[in-house]
Amino acid sequence: GDSVTQMEGPVTLSEEAFLTINCTYTATGYPSLFWYVQYPGEGLQLLLKATKADDKGSNKGFEATYRKETTSFHLEKGSVQVSDSAVYFCALTQNSGNTPLVFGKGTRLSVIA
Amino acid sequence: DAGITQSPRYKITETGRQVTLMCHQTWSHSYMFWYRQDLGHGLRLIYYSAAADITDKGEVPDGYVVSRSKTENFPLTLESATRSQTSVYFCASTTSGVGDTQYFGPGTRLTVL
Numbered sequence: 001g002d003s004v005t006q007m008e009g010p011v012t013l014s015e016e017a018f019l020t021i022n023c024t025y026t027a028t029g030y031p032s033l034f035w036y037v038q039y040p041g042e043g044l045q046l047l048l049k050a051t052k053a054d055d056k057g058s059n060k061g062f063e064a065t066y067r068k069e070t071t072s073f074h075l076e077k078g079s080v081q082v083s084d085s086a087v088y089f090c091a092l093t094q095n096s097g098n099t100p101l102v103f104g105k106g107t108r109l110s111v112i113a
Numbered sequence: 001d002a003g004i005t006q007s008p009r010y011k012i013t014e015t016g017r018q019v020t021l022m023c024h025q026t027w028s029h030s031y032m033f034w035y036r037q038d039l040g041h042g043l044r045l046i047y048y049s050a051a052a053d054i055t056d057k058g059e060v061p062d063g064y065v066v067s068r069s070k071t072e073n074f075p076l077t078l079e080s081a082t083r084s085q086t087s088v089y090f091c092a093s094t095t096s097g098v099g100d101t102q103y104f105g106p107g108t109r110l111t112v113l
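Note that the protein sequences, when read in sequence, are chains A and B.
Taking my numbering, the leading residue of the first sequence gets 1, the next gets one more, and so forth.
Taking my numbering, the leading residue of the second sequence gets 1, the next gets one more, and so forth.
So that you can see chain A by itself, here it is in the shape it has in the complex (with noise of 0.2 Å):
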C-alpha cells in the first residue's frame, strides 16, 4: 500500500536557520502530497500541497517541490522563526477518489532564539 517516510526528529535550530524536512513516497499512480503543520496544543492544519508532478506548493514561507522521478516532497524554509516550532506531517492521497489521507509519523522542529 501507499506510504509516507520523512526524517526522524526533533530538529533543532536556532531563529533565520535554513530548514530541511525530507520527505519521500511510495504510492501508485499520482497521488497528491500534502504538508500539514500542528502547533503545540492544537489540531492539524494545511500548510501547502502540490497535486501533479514538478507543481511547487508554497505558504509561509515554506516551499515544497512535487518530484516525481525522486518521488519526494521535501518541505523547505530560508530563515525559520520561533514560531514556526511545531509538528510538521508529510502526507499523500490518491487522486482517483477521495481517499483517506496516509501520513508521515512526524517530524517536530524546535526553533531556539
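Check before you lean on any hint, since a few could be wrong.
[To be verified] Each computed DSBU-like pair below joins lysine-lysine, with the alpha-carbon atoms no more than 35 Å apart:
#1 A:Lys60 / A:Lys77
#2 A:Lys105 / B:Lys70
#3 A:Lys68 / B:Lys11
#4 B:Lys11 / A:Lys105
#5 A:Lys56 / A:Lys68
#6 A:Lys56 / B:Lys57
#7 A:Lys52 / B:Lys70
#8 A:Lys68 / A:Lys105
Calculated from the structure, these hints are not laboratory results.
Following the hints, position chain B against chain A.
The following block gives chain B in isolation, referenced to the frame of chain A:
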C-alpha cells in the same frame, strides 16, 4: 460557529467503560475521518465516511464503532475502553473534490485508566 468541533476536549475514563467522542462540522462536507495520534506512530486512520450512512474501516478499527446518521455529525464510540486506546483523537472533514484539503478538529485527549 463555523468549522469543525470535537467534544469533549479531554476525557478520563476507566477500562471497560463505553465512551463516545463527538465530531461536528458545519460545512456539509461529504467526507469525515477519525484518526488517532500516538508518539512514534503519527496519525493513523480509524474509520472514515463518504456520506451519511456510509462508513469504512481504516488502518486501526478494532475496538471502535462509528455511525453517521447526519452529514454533519460523525461520533466515534469505544464500546469497552482499554488502556491501549489512550490517545489523542482527531476528526477531519473534506469535500468530495480530488486532492482537497482535509480540515481537522482540535482533538480530544482520552485517557483510559
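Inset, instruction - For the pair supplied as a hint, A:Lys56 and B:Lys57, confirm whether the alpha-carbon distance does not exceed 35 Å. - result: Answer holds: A:Lys56 to B:Lys57 is near 33 Å, not above 35 Å.
Legend entry - Holds or violated: A:Lys68 to A:Lys105, with C-alpha atoms at most 35 Å apart: Roughly 21 Å between the alpha carbons, so the hint for A:Lys68 and A:Lys105 holds.
Inset, instruction - Below or equal to 35 Å on CA atoms is what counts here, so check A:Lys60 against A:Lys77. - result: Holds - the C-alpha atoms of A:Lys77 and A:Lys60 are around 9 Å apart, at most 35 Å.
Legend entry - Straight-line alpha-carbon gap A:Lys105 to B:Lys70, limit 35 Å: 32 Å, holds
Legend entry - 35 Å limit on alpha-carbon distance, applied to hinted pair B:Lys11 and A:Lys105: 24 Å, holds
Legend entry - Pair hint outcome, A:Lys68 versus B:Lys11 [Cα-Cα no greater than 35 Å]: Distance ~43 Å between A:Lys68 and B:Lys11 Cα, so the pair is violated.
Legend entry - Restraint status (C-alpha distance of A:Lys52 to B:Lys70 at most 35 Å): 34 Å, holds
Inset, instruction - For the pair supplied as a hint, A:Lys56 and A:Lys68, confirm whether the alpha-carbon distance does not exceed 35 Å. - result: 12 Å, holds
Taken one by one, the earlier hints fail for this structure only at number 3.
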